[in-house]
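Q: Could you slot chains B and C onto chain A? The hints should help.
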Amino acid sequence: MYEFDWSSIPGALPTLARGLLVTLQVTLVAVAVGIAWGTALAVARLSPQAWLRWPAAAYVNLFRSVPLVMVILWFYLVVPQLLRRFLGVSSATDIRMVSALAAFALFESAYYAEIIRAGIQSVPKGQLDAALALGLTPAQAMRRVVLPQAFRNMLPLLLTQAIILFQDTSLVYVIGLADFFGAAYKVGDRDGRLVELVLFAGLVYFLASLAASALVRRLRRRVTA
Amino acid sequence: MGTAWNWGVFLQETPSGGATYLGWLLTGLGWTVGLSLAAWAVALLLGTALGVLRTVPGRLRPGLAAAYVEAFRNVPLLVQLFAWYFVLPELLPRAWGDAIKRSDPLLQQFLAAWLCLSLFTAARVCEQVRAGLGALPPGQLQAALALGLTRFQAYRRVLLPMALRLVVPPLTSEFLNVFKNSAVASTIGLVELSRQSQQLVDYTAQAYEAFIAVTLLYLLVNVAVMLLMRRVEARARVPGFIGAR
Amino acid sequence: MISFQGVSKWYGRVQVLDDCTTRVAKGEVVVVCGPSGSGKSTLIKCANGLEPFQRGEVRVDGIAVGAPGTDLPRLRARVGMVFQHFELFPHLTVRQNLALAQREVLRRSREEAEVKGLALLERVGLAGHADQHPGQLSGGQQQRVAIARALAMDPICMLFDEPTSALDPEMINEVLEVMIELAGQGMTMLCVTHEMGFAKAVADRVIFMDAGRIVEQAPPAEFFAHPKGERTKDFLSKILGH
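Quick note, the sequences are listed as chains A, B and C, same order. Each residue of the first sequence is one higher than the one before, starting from 1 at the first, in my numbering. Each residue of the second sequence is one higher than the one before, starting from 1 at the first, in my numbering. Each residue of the third sequence is one higher than the one before, starting from 1 at the first, in my numbering.
What the hints contain is simulated information worked out from the structure, not anything from laboratory work. Treat each hint with caution, since some may be false.
Simulated crosslink set (SDA-like; lysine to any residue; CA at most 20 angstroms straight-line) [stated by the list, open to error]:
| no. | chain 1 | residue 1 | chain 2 | residue 2 |
| --- | --- | --- | --- | --- |
| 1 | C | 116 | C | 181 |
| 2 | B | 101 | A | 193 |
| 3 | B | 101 | A | 194 |
Some chain B residues flagged as far from chain C (calculated, every beta-carbon gap over 12 angstroms) [stated by the list, open to error]:
| no. | residue |
| --- | --- |
| 4 | 108 |
| 5 | 142 |
| 6 | 213 |
| 7 | 225 |
Remember, it's a predicted structure, so these values are computed and weren't measured experimentally. The beta-carbon is built from N, C-alpha and C at its ideal position, and this holds for glycine as well.
The following block holds chain A by itself, in its conformation from the complex (with noise of 0.2 angstroms):
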């Protein structure tokens, strides 16, 4: 039987928690650029004018088709060197937590767009045209009127991402950014106590998740009460 020994970890919270701070800052850099991004993408492919919409259904299909891994390392390997070729960012700056906020935040947009086109959809076409015959422009119409019921339809589901979001952060191992579970990593192997600190990890991650969720879900009662 495998002898437990949880005594890295007392020790261990500082670094951790630095990890989760990282953690945290990408979740909620994602999380803003991902809604922000994601809205006007979602108004793209709604939209009548084609120019507008096969770009950003082109967009959203790219990055819904190919695995987080494999843009996290793009972001990482790839794109900064033509950064430094055309901004001249010398080679020595550490451009892992950068390349990891841009990667995630291009990413989750993709993710966000089909949420909030849908929360759009949802909005019963009746909406618009009535804020159109007040004398809206469509713009106007848009951000008064249809967004803000579109977000309130789909706030649930903005969450339920975040949540995903959260847990799809423990990616950035890949580029070797230390965020929670990096952290974590790093001092299970460190020490020796791996299978502790993996399942510590596993732990915080589940109760943190749980608990979210849990709000989550009251929260939903709470909008269609």
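A: Relative to chain A, chains B and C alone:
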């Protein structure tokens, strides 16, 4: 990095000899597809069984199935993979654990990835099947029982055939997800497609070409799956049936 | 054949059946009517165990439906039931709908089941539709197939739960004709229905239910001509208007 495009790099031989870089890519593709199909097969069977369990009367069986779903849904896929790969061999009885650790590394990686992906995806399939069963009119089960069918027969002959047809679109999504999630296996060294892309960047200097090629291969897999599922959806169509009442 | 003795049922705190006692003898046709929510459908679903009940006893051909040891699937195979929404299985053809339970439950061979199924299809006037799917049939046609499906099991009695309530008016008669013919051949039938014409034509007895209770029962002539209770009179005046 070379500033000139060099698509010919794929036809170059690898330093270890005996293969071209293109060959590496195709090997990676093979592992990705193999792992994904193997995991999907298990996930479909297990997920359907769990979905059924969530809808039977009583509290124990639905409760167990619900607990399963929560367990696999609230932990990141990467953490689950590491648990199967690093933690499980340690927790098994000594003899088994050692046997695993001594076996072929590729086998270890594949088994851990397969287990992880199967069980993770099964939780998602469970929820889809549950939704499908829930969308059926309650009279269907009653009519089946009224004819003297047992619950098992009713699920097998009446409820599941319709429920599964109803959820072909979301199941297609999950099927596509399996291929994407398989990329996580690169973190434990399995030579699937995304790992091969990293290898190519390391060995050649042609990062762009490597990544574009790999991205195209993932897109290709997507298209193939979508075409397949479109065929499945067409065959599963029930004449005159528009949707659940 | 079917007997209810002091049957009471609660959904949580709400009582839906209150001390119901009645019997249906072999060959009898009994119609149950009443306002919605009176418990009529619930009562007949107790007869084949689709609805459990907390108090009282229900027996079919002597077998206690609510007893723990009773083999319900076996019993249900002998009791035919027709539902308000037909409940044909959409993914199977008409032929397969008729054969499914015969093969799975009665273990008849494919040929036996098909022959029987087709004969019954003829009887309900739908012989040419054997290879269509339910979705391709009209409501009246689906319900007739549903009746054939129940008859294919050679039941000792038939339960009908508002068989024509979901049909467009022009299709009601085709289904009632089948039911009348069935009654004429001596089938024991317990029917929940609003079709009083059917009751007058073939029923041996009409039961009126209200708020979970059996309020009144009498042969149709007496029931319609001299209703005893206020609620009964009230209900009849409302539905006999059409």
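Q: If a hint holds in the structure, say so; if it doesn't, say that too.
A: Quick rundown of the hints versus the structure:
A C-alpha spacing of about 18 angstroms is found between residue 116 of chain C and residue 181 of chain C, which places the hinted pair at or below 20 angstroms, so the restraint holds. Distance check on the hinted pair: residue 101 of chain B and residue 193 of chain A sit about 17 angstroms apart at the alpha-carbon level, within 20 angstroms; holds. Among the hinted pairs, residue 101 of chain B with residue 194 of chain A is consistent with the structure: their alpha-carbon atoms are about 15 angstroms apart, no more than 20 angstroms. A cut-off of 12 angstroms between C-beta atoms confirms that residue 108 of chain B is not in contact with chain C; the least separation is 43 angstroms.
Residue 142 of chain B, annotated as away from the interface, has a beta carbon of chain C within 12 angstroms; the closest lies near 6 angstroms. Remark: the non-interface label on residue 213 of chain B is consistent with the geometry, its nearest Cβ contact in chain C lying 43 angstroms away (cut-off 12 angstroms). Chain C leaves residue 225 of chain B outside its interface by the beta-carbon criterion, the shortest separation being 24 angstroms against a cut-off of 12 angstroms.
Of the hints listed earlier, the one the structure fails to meet is number 5.
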